[in-house]
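Protein sequences, first through last, are from chains A and B.
Going from the first sequence to my numbering is simple: count from 1 and add 102.
Going from the second sequence to my numbering is simple: count from 1 and add 102.
No wet-lab data here; the hints were simulated from the structure.
Check the hints yourself; a few may be wrong.
For chains that are exact copies, the list does not tell them apart, and a pair is met inside one copy or across any two.
[Claimed, not checked] Cut-off 20 Å, straight-line C-alpha distance, at most; resulting in silico cross-link-like pairs (EDC-like, lysine to aspartate or glutamate):
#, residue 1, residue 2
1, Lys-275, Glu-318
2, Lys-248, Glu-122
3, Lys-310, Asp-320
4, Lys-310, Asp-213
5, Lys-310, Asp-166
6, Lys-248, Asp-264
Since we're looking at a predicted model, the values are computed, not measured.
2 protein chains.
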Amino acid sequence: MSGPFSGSLVVVGTGPGKAELMTPATAATLARATDLVGYGPYLERVPERSGQCRHASDNRVELDRARHALSLAASGRQVVVVSGGDPGVFAMAAAVCEQIERGEAAWRQLDVAVVPGVTAMLAVAARAGAPLGHDFCAISLSDNLKSWATIERRLKAAAEADFVIALYNPASKARPHQLGEAFALLRSIKAGETPVLFVRAAGSAEAKVVATTLAEADASVADMRTLVIVGASTTRRVGRWVYTPRGAKP
Amino acid sequence: MSGPFSGSLVVVGTGPGKAELMTPATAATLARATDLVGYGPYLERVPERSGQCRHASDNRVELDRARHALSLAASGRQVVVVSGGDPGVFAMAAAVCEQIERGEAAWRQLDVAVVPGVTAMLAVAARAGAPLGHDFCAISLSDNLKSWATIERRLKAAAEADFVIALYNPASKARPHQLGEAFALLRSIKAGETPVLFVRAAGSAEAKVVATTLAEADASVADMRTLVIVGASTTRRVGRWVYTPRGAKP
Numbered sequence: 103m104s105g106p107f108s109g110s111l112v113v114v115g116t117g118p119g120k121a122e123l124m125t126p127a128t129a130a131t132l133a134r135a136t137d138l139v140g141y142g143p144y145l146e147r148v149p150e151r152s153g154q155c156r157h158a159s160d161n162r163v164e165l166d167r168a169r170h171a172l173s174l175a176a177s178g179r180q181v182v183v184v185s186g187g188d189p190g191v192f193a194m195a196a197a198v199c200e201q202i203e204r205g206e207a208a209w210r211q212l213d214v215a216v217v218p219g220v221t222a223m224l225a226v227a228a229r230a231g232a233p234l235g236h237d238f239c240a241i242s243l244s245d246n247l248k249s250w251a252t253i254e255r256r257l258k259a260a261a262e263a264d265f266v267i268a269l270y271n272p273a274s275k276a277r278p279h280q281l282g283e284a285f286a287l288l289r290s291i292k293a294g295e296t297p298v299l300f301v302r303a304a305g306s307a308e309a310k311v312v313a314t315t316l317a318e319a320d321a322s323v324a325d326m327r328t329l330v331i332v333g334a335s336t337t338r339r340v341g342r343w344v345y346t347p348r349g350a351k352p
Numbered sequence: 103m104s105g106p107f108s109g110s111l112v113v114v115g116t117g118p119g120k121a122e123l124m125t126p127a128t129a130a131t132l133a134r135a136t137d138l139v140g141y142g143p144y145l146e147r148v149p150e151r152s153g154q155c156r157h158a159s160d161n162r163v164e165l166d167r168a169r170h171a172l173s174l175a176a177s178g179r180q181v182v183v184v185s186g187g188d189p190g191v192f193a194m195a196a197a198v199c200e201q202i203e204r205g206e207a208a209w210r211q212l213d214v215a216v217v218p219g220v221t222a223m224l225a226v227a228a229r230a231g232a233p234l235g236h237d238f239c240a241i242s243l244s245d246n247l248k249s250w251a252t253i254e255r256r257l258k259a260a261a262e263a264d265f266v267i268a269l270y271n272p273a274s275k276a277r278p279h280q281l282g283e284a285f286a287l288l289r290s291i292k293a294g295e296t297p298v299l300f301v302r303a304a305g306s307a308e309a310k311v312v313a314t315t316l317a318e319a320d321a322s323v324a325d326m327r328t329l330v331i332v333g334a335s336t337t338r339r340v341g342r343w344v345y346t347p348r349g350a351k352p
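Chain A extracted, bound-state conformation:
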């Protein structure tokens, strides 16, 4: 505990779905909380505990949620902010830091911590073999908070420098066409036979893997719960496995 507050705030991630992929550090943190703050579906993954208050909020209100969590902590509560996956990857840890910067000066004295978790692309990769076995990047296709031109610039750079590319938030009802545009851009640079994986609900019992090629990839396969991985030039398919060798000198 630091500073003038008796409350605290910890940002955690529940992992990709199954309880067995949530770190023990996260489970212990959740058990100690007086208040859980998060997007409803992520809170539902946390076992109910008597005396614990739940503050479920809608998606896409990350900054409001972070402010609420910081206020609760400042009022003396032991607050846990619940993300899915890892809280530091396209999730709540950045929103909490942003509100510490924007919000009340005293919040900088709060006892705040982040506990890491298993982010979606790692669960997806494990299902498929080892597609992230060598240099890779992670890009969110959501243009809620950045321009589509920025996304295109990053896709182009990643393709030209031959990174494996993990696409978070590949599609939503509000953005049905972007993944198709991303595939079109990648096809102009990368070979048609490049392996592409669509993995839905990777860390859950209902996980579904579709392995195809860039030439044949159908963007409509993806929804909000899908993560897409596009291979590098070295990424290979062997039986049911897709993997990227640790590199081969030319």
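Fit chain B to the known structure of chain A by using the hints.
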């Protein structure tokens, strides 16, 4: 179980260090093994269990280790290959897939699985705040298996497209100068005030964080147990936190 074999092979990662950051799925897999195969220091993180055989090997013999593990599984053993961090990120899952491709045809019938874990950059990011809060890439600076020209090309592309950059294997006794060269390249593209983090042993009790800027980053701070994160143009330092906002439309 699938195919003609009674043995099995599972590739796991112990996470970044502390037991509380190892997934329960990994712990349960380790408990069921008859044989553990891995680099010595990673095996030492696994509690001893009577009746379990340990096959420790040297670093940098990943393909030999994978072949040995596959042979043991083919002979009927319940084999677990132990990586640090996540087994799919610069670790053993790719080597196992590579040996399934290169090795005996019957190995393709083996019961093989990969269990995800917390890779080093996530533990590093959690220590520092949320530097990976937006689009990022992971690059291994080791040129054992790829050319330095490939590494430079990826660093340049990542800097120009404004990714946050996580550098795995930034330095070793055999490669003391590469991180300095990487910083020089990045300084030619990115602003001097770009936040840079050196985090040593992120997931352990002895974790050490150095937050500095690209202009002042001293490559000699890094060793084999260090992971380096170089921010994007939007990455910010606020008190003791470093974070990358989830994006701001121009």
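These are the hints, each one checked on the structure:
{"no.": "1", "hint": "Lys-275 to Glu-318", "in the structure": "neither (22 Å within a copy, 45 Å between copies)"}
{"no.": "2", "hint": "Lys-248 to Glu-122", "in the structure": "neither (34 Å within a copy, 35 Å between copies)"}
{"no.": "3", "hint": "Lys-310 to Asp-320", "in the structure": "within (15 Å within a copy, 45 Å between copies)"}
{"no.": "4", "hint": "Lys-310 to Asp-213", "in the structure": "between (40 Å within a copy, 19 Å between copies)"}
{"no.": "5", "hint": "Lys-310 to Asp-166", "in the structure": "neither (33 Å within a copy, 32 Å between copies)"}
{"no.": "6", "hint": "Lys-248 to Asp-264", "in the structure": "between (23 Å within a copy, 13 Å between copies)"}
Against the hints set out earlier in the document, violations occur for numbers 1, 2 and 5.
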